[in-house]
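Participant: The lines below spell out each chain.
There are 2 protein chains.
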Amino acid sequence: MTGPVNLASKLALFSEHWSPKIVTGFNGNDVMVVKAKGEFNWHSHPETDDFFLVLKGRLTIKLRDGDVVLGPGEMYVVPKGVEHCPVAEEETHLLIIEPAGTPNTGDPATAVTKVQV
Amino acid sequence: MTGPVNLASKLALFSEHWSPKIVTGFNGNDVMVVKAKGEFNWHSHPETDDFFLVLKGRLTIKLRDGDVVLGPGEMYVVPKGVEHCPVAEEETHLLIIEPAGTPNTGDPATAVTKVQV
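Sequences listed follow chains X and F, in order. Per my numbering: the first sequence = residues 1486 to 1602. Per my numbering: the second sequence = residues 1486 to 1602.
None of these hints come from the bench; they were simulated from the model. Please note that a few of the clues may not be correct.
Since the list gives no way to pick out one identical chain from another, each pair is judged satisfied if it fits inside one copy or across any two copies.
Once the Cα atoms are required to be at most 25 Å apart in a straight line, the calculated SDA-like pairs of lysine to any residue come out as [to be verified]:
| # | residue 1 | residue 2 |
| --- | --- | --- |
| 1 | K1541 | T1509 |
| 2 | K1506 | G1551 |
| 3 | K1522 | V1572 |
| 4 | K1506 | S1529 |
| 5 | K1506 | V1553 |
| 6 | K1522 | H1578 |
| 7 | K1541 | P1531 |
| 8 | K1541 | D1592 |
| 9 | K1541 | W1527 |
| 10 | K1547 | N1491 |
| 11 | K1506 | A1594 |
Using the sequences plus the hints, can you model the full thing?
Facilitator: Shown next, in the form of structure tokens:
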């Protein structure tokens, strides 16, 4: 558990893309900020829904049956098991929430290590 | 599960204070927006952490050992069991997340019914 969190200040601490940083915890979930740019990979999370809130920029979440496009102040929850591929043409800042230990790529072999900032 | 959610559009659908509205779900949690103004009540949630993100305005979360003051883009998680009292001098808009069924006042007898918008 951490103190009050200023999301913009946390985002200013790093520059790499698609590397979620933990800013606090909530009932066993990691609350994270991430900078997105370019296309991530198609993946799914068999055990958890995937929470996306756009703080800045524009995120397209490709789904097999259509795209979801989100601007600032817009959010979407990808249901567990649903394949998706996030894409950001410009650098986009996100708040995401996942149970601690969830691999960001859907696969522990390729997942980045999530560190706290 | 619902589609993409524009938080400002959801907040425009109602005017009452301290009455959380469910906008989507995430792993059995209700994701809600709420308009805060004035002082809520001192309470705690023995079974869950309490997630606050300020979207607009300014929220003071009074705690027994000091206050946390949050502006837009700032968040705080009140640990489970910790007494707190949210206060907003001006109308303040929040994103909050709690396990479905959590009473907003900490007490089912006085809790509001959370409806989806």
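Participant: For K1522 vs V1572, is the C-alpha pair at or below 25 Å within one copy, between two copies, both, or neither?
Facilitator: Classified as within; 7 Å inside a copy, 38 Å across copies.
Participant: Since the copies are identical, ignore which copy is meant and state whether K1522 and H1578 lie within 25 Å (CA to CA) inside a copy, between copies, both or neither.
Facilitator: within (9 Å within a copy, 29 Å between copies)
Participant: For K1547 vs N1491, is the C-alpha pair at or below 25 Å within one copy, between two copies, both, or neither?
Facilitator: Close across copies (18 Å), not inside one copy (29 Å); limit 25 Å.
Participant: Check K1541 against P1531 for me: Cα-Cα at most 25 Å, and say if that holds within a copy, between copies, both or neither.
Facilitator: neither (28 Å within a copy, 35 Å between copies)
Participant: How do K1506 and S1529 come out at 25 Å by Cα distance, when the copy is not named: within, between, both, or neither?
Facilitator: For K1506 and S1529, only the intra-copy Cα distance (20 Å) is at most 25 Å; the inter-copy one is 28 Å.
Participant: With identical chains treated as interchangeable, where does the CA-CA distance between K1506 and V1553 reach 25 Å or less: within a copy, between copies, both, or neither?
Facilitator: Both, since 24 Å and 22 Å are each at most 25 Å.
Participant: Is it within, between, both, or neither for K1541 and D1592, if the alpha carbons may be no more than 25 Å apart?
Facilitator: Cα proximity of K1541 and D1592: none, with 27 Å in one copy and 37 Å across.
Participant: Between K1506 and G1551, at a C-alpha cutoff of 25 Å, which is it: within one copy, between copies, both, or neither?
Facilitator: Answer is neither: 28 Å inside a copy and 27 Å across each miss the 25 Å cutoff.
Participant: Under a CA distance limit of 25 Å, which applies to K1506 and A1594: within one copy, between copies, both, or neither?
Facilitator: Classified as within: same-chain Cα gap 19 Å, cross-chain 39 Å, threshold 25 Å.
Participant: Evaluate K1541 and T1509 at a C-alpha cut-off of 25 Å and name the case that applies: within, between, both or neither.
Facilitator: Both ways: K1541 and T1509 sit 20 Å apart in one copy and 20 Å across, limit 25 Å.
Participant: I want to check one pair: K1541 and W1527. Are their C-alpha atoms no more than 25 Å apart within a copy, between two copies, both, or neither?
Facilitator: Cα proximity of K1541 and W1527: one copy only (22 Å, versus 34 Å across).
Comparing the model with each numbered hint stated earlier shows that hints 2, 7 and 8 do not hold.
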